[in-house]
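Which chain is which? The protein sequence lines are A and B, in order.
Each residue of the first sequence is one higher than the last, beginning at 1 in the numbering used here.
Each residue of the second sequence is one higher than the last, beginning at 1 in the numbering used here.
Please note: incorrect hints may appear among the correct ones.
Said to hold, decoys possible - The following residues of chain A were derived to be distant from chain B, with all beta-carbon distances above 12 Å:
hint, residue
1, P31
2, L49
3, R77
4, T167
5, A209
6, P290
7, A359
8, P361
9, N448
10, A452
As the list claims (entries may be wrong) - Which bits of chain A does chain B cover? Going by a derived footprint, with three or more residues having C-beta under 8 Å, they are:
hint, segment
11, 249-263
12, 394-401
To be verified - Short, incomplete list of chain B residues facing chain A, as computed with Cβ under 8 Å:
hint, residue
13, S218
14, R243
15, A257
In short, the hints are calculated from the structure, not lab data.
Quick caveat: nothing in here was measured; it's all calculated off a predicted structure.
Ideal Cβ placement from N, Cα and C applies to all residues, glycine included.
Here is how the chains run, residue by residue.
There are 2 protein chains.
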Amino acid sequence: MTLLSAPPHVITVGARLLDDALRAQAAATTPVDWRPPLPGTAEALAEVLADPRRQAANERAVGRLVSARPYLVGVRRAAEVLPARTFLHAGPPITWERASGPMRGALIGAMLLEGHAADEHEAASRLAGGEIALAPCHAHAAVGPMAGVVSPSMWLLEVRDEEHGGTAYCSLNEGLGKVLRYGAYGPEVLDRLRWMDEVLGPVLAATLARTGPIDLRSMMAQALQMGDELHNRNRAATSLLLRELAPAVVESAPGQAAEVLRFINGNDHFFLNAGMAAGKVSTDAARDVPGSSLVVAMARNGTDFGVQVSGLGDRWFTGPAGVPDGLYLGAYGPDDANPDIGDSTITETSGLGGFAMAAAPAIVRFVGGEVPDAMAATRSMYEITLAEHPAYQIPALGFRGTPIGIDVTLVARTGLLPVVNTGIAGRIAGTGQVGAGLVRPPVEAFTNALLALANSDK
Amino acid sequence: MTLLSAPPHVITVGARLLDDALRAQAAATTPVDWRPPLPGTAEALAEVLADPRRQAANERAVGRLVSARPYLVGVRRAAEVLPARTFLHAGPPITWERASGPMRGALIGAMLLEGHAADEHEAASRLAGGEIALAPCHAHAAVGPMAGVVSPSMWLLEVRDEEHGGTAYCSLNEGLGKVLRYGAYGPEVLDRLRWMDEVLGPVLAATLARTGPIDLRSMMAQALQMGDELHNRNRAATSLLLRELAPAVVESAPGQAAEVLRFINGNDHFFLNAGMAAGKVSTDAARDVPGSSLVVAMARNGTDFGVQVSGLGDRWFTGPAGVPDGLYLGAYGPDDANPDIGDSTITETSGLGGFAMAAAPAIVRFVGGEVPDAMAATRSMYEITLAEHPAYQIPALGFRGTPIGIDVTLVARTGLLPVVNTGIAGRIAGTGQVGAGLVRPPVEAFTNALLALANSDK
Chain A
1 MTLLSAPPHV ITVGARLLDD ALRAQAAATT PVDWRPPLPG TAEALAEVLA
51 DPRRQAANER AVGRLVSARP YLVGVRRAAE VLPARTFLHA GPPITWERAS
101 GPMRGALIGA MLLEGHAADE HEAASRLAGG EIALAPCHAH AAVGPMAGVV
151 SPSMWLLEVR DEEHGGTAYC SLNEGLGKVL RYGAYGPEVL DRLRWMDEVL
201 GPVLAATLAR TGPIDLRSMM AQALQMGDEL HNRNRAATSL LLRELAPAVV
251 ESAPGQAAEV LRFINGNDHF FLNAGMAAGK VSTDAARDVP GSSLVVAMAR
301 NGTDFGVQVS GLGDRWFTGP AGVPDGLYLG AYGPDDANPD IGDSTITETS
351 GLGGFAMAAA PAIVRFVGGE VPDAMAATRS MYEITLAEHP AYQIPALGFR
401 GTPIGIDVTL VARTGLLPVV NTGIAGRIAG TGQVGAGLVR PPVEAFTNAL
451 LALANSDK
Chain B
1 MTLLSAPPHV ITVGARLLDD ALRAQAAATT PVDWRPPLPG TAEALAEVLA
51 DPRRQAANER AVGRLVSARP YLVGVRRAAE VLPARTFLHA GPPITWERAS
101 GPMRGALIGA MLLEGHAADE HEAASRLAGG EIALAPCHAH AAVGPMAGVV
151 SPSMWLLEVR DEEHGGTAYC SLNEGLGKVL RYGAYGPEVL DRLRWMDEVL
201 GPVLAATLAR TGPIDLRSMM AQALQMGDEL HNRNRAATSL LLRELAPAVV
251 ESAPGQAAEV LRFINGNDHF FLNAGMAAGK VSTDAARDVP GSSLVVAMAR
301 NGTDFGVQVS GLGDRWFTGP AGVPDGLYLG AYGPDDANPD IGDSTITETS
351 GLGGFAMAAA PAIVRFVGGE VPDAMAATRS MYEITLAEHP AYQIPALGFR
401 GTPIGIDVTL VARTGLLPVV NTGIAGRIAG TGQVGAGLVR PPVEAFTNAL
451 LALANSDK
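Make the full structure from the sequences, and use the hints.
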């Protein structure tokens, strides 16, 4: 038998052109789904894939990520956690000069809240003069949605990983509309923040002291079975948290319980910040495993999108933040949108948000899609992740675990970028939210991380 | 051309035998999905289908059913609604002699609660002596889960249909474990009922006076997008109701708010009874349309399963209640199960419960199935229903409305019986819940209704 004496059976790779032509001639084919790696990554990929430490390092890193057991243990004033005269912000490091409109707006609001300036102009000039140090939330065991600005008088949710012992923080969610995290800093924004500082924070601190630690992993697993993807939709998780807290809120602060419960009930994203801290404490557990190509942070400051990788310490690998593609509120449109902003991509980094879209078909309408888009989004993320979460399961996929643990080498090999759900901030300081949608991260962030892995010590 | 000179193309009907044989011989076929009507119904079906009023009558009846707008408007003592010395019970009319174990247990418990007897033996003998009249909940604008026993000192949820003006009632849910509705009547059952009578009822009445009417249709539509099917799973709806009520509970009863909120939080079925009253007020709106073959009630008393039909007034058509097929708690098994009991089939009658299984894939494990079973259950119910609910939508079916409005003629023509999710009561009085599962109603209930329609005035 020679190759040509038997009927041909052809294995076709990549684009469908050859496969289609052969099938039209009734030849048997076995198509293989394959894409070329990202441009310029072939050499680095070969080097990283050949690293003998890689497989064990990734198993260890993603094993720590999926075994984290985050509990909400308390609510603390940011002053207890922050360095002096420092504000935290979302994403990789940023200067006032390079900061986008909503980031500047939120920093101005924090200056006014803290009494460091009498008006927005004074606040901007003091910030431009470097009177306040700016540091990423991620550098201080914290995360913050959108602008992610944290100043000393704010309160932080405190989440502990009962498996590995880490602690992470996230601010309290302000609700929707004109809010600091979207860059608004008008009087109603500051009034609400003062009420949160004086009432909400202390009441929640007393409440959690009474309830004891609350198992966020269990609550998030349930919320995924109730239509949340835990980034843009948190209605179920917020409801579950509220019902768990309510009796102790009453016992801790009878006189303020009604206003606190009304505030939480009025904001379906109240849970988001707890979920973000749970994601942060889980990904932090997976950091600093030498040789691991696991992504342990994705975050945006409104200018840059950055990633951090387990085997590469605290280094950020960045590219320009993109503008989300989605639906706009009222008369707003893409021209009003700021580039992607916020630490909330910690949800996707920990297997939720865009990665869990199939759990939340109702969300696809909100970000401008259809139910099959949600299924396809989640399915595609299994191609760039190292594991399926044992507790976070998706009913519509037969209770398959969510895709978790982005591997830089898988991103480079497939060219598939993480799917991210997000809110859209107005680009002018003070505007607030203008929409919500999907955004793809810049490819450079991942290719630069891969190149660094190839050049790192072996 | 004669029939035999061209290649044959055969239309095959019903069982696959002929179709399979033809295809094996490479003949082209067009299979038609068809089943014979239920045995003994052919003549009655022909007569009912020929009734010139039928189509318009069914359109009117199901139109009223799907346009109902149930609001939770208050909580009232049953004594205000009940006739004197009467207890209500689930299902079609039943006597003490024919009552099953859990029905007898619940009636005994109500006698003890009301102080009509000193112990269970005295209670049973007074009930056997007819000292208390027994009447179906359905005959008094009410519904009750499982035994469904309502006595004067209990409190009832009051639901009003803002579209058609009707009112319906349902008792307050007691929680799980040893509870009256499953036929238990021990001291802890009675203590809980007394607390509900003295604390829960009055606090909820004051709370609803403060919140004003609560839109149940909207809340139920949301819960379907959050994994509830609103019969065996009410976790989302309970959470949504609790967060809506919580602030007003605090303001209405500061001293009792914590225990009331803790009680509601401790019972994921708390919403069920509100949803049942919503179903009752909606199906009642569809009653008494002459010529309509729409089912307006399905209910079980633990002995008989009964249906009522819009065009046939208050007549019950019954057959023996079956034993559900499902999963049992602890060491219980099918031998411990009582036949099907309760008015909670009002959920299926109004397009929820088993009919909305596809919205609640998590429930199929609880009743012993897999995700595709849930999809198939809902899909099959479109074959016996007249409409798709405009507000109650199922994400996993591309936001298709739930199948609603069972038509007796469609049941007879297809032989498909309604799918019902249910709890399983122990057959011995005093046992309580032993499991949960699926049950098919007795076919006679539907064929008898069809025969009555054929014989009714034209």
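Here is what the structure says about each hint:
1. P31: Per Cβ check, A:P31 is outside 12 Å of chain B; nearest 27 Å; holds.
2. L49: Consistent with the label, A:L49 stays out of reach of chain B, its closest Cβ about 37 Å off (over 12 Å).
3. R77: 25 Å, holds
4. T167: Its Cβ never comes within 12 Å of chain B, the nearest being 27 Å, so this holds.
5. A209: 15 Å, holds
6. P290: 41 Å, holds
7. A359: Check fails; 10 Å does not lie beyond 12 Å.
8. P361: 4 Å, violated
9. N448: A:N448 is indeed farther than 12 Å from all Cβ atoms of chain B, at 39 Å.
10. A452: 42 Å, holds
11. 249-263: holds (count 8)
12. 394-401: It holds, with 4 qualifying residues against the three required.
13. S218: Where the cut-off is 8 Å and the nearest Cβ of chain A is about 13 Å from B:S218, the hint is violated.
14. R243: 5 Å, holds
15. A257: With a minimum Cβ separation of about 5 Å from chain A (threshold 8 Å), the hint on B:A257 holds.
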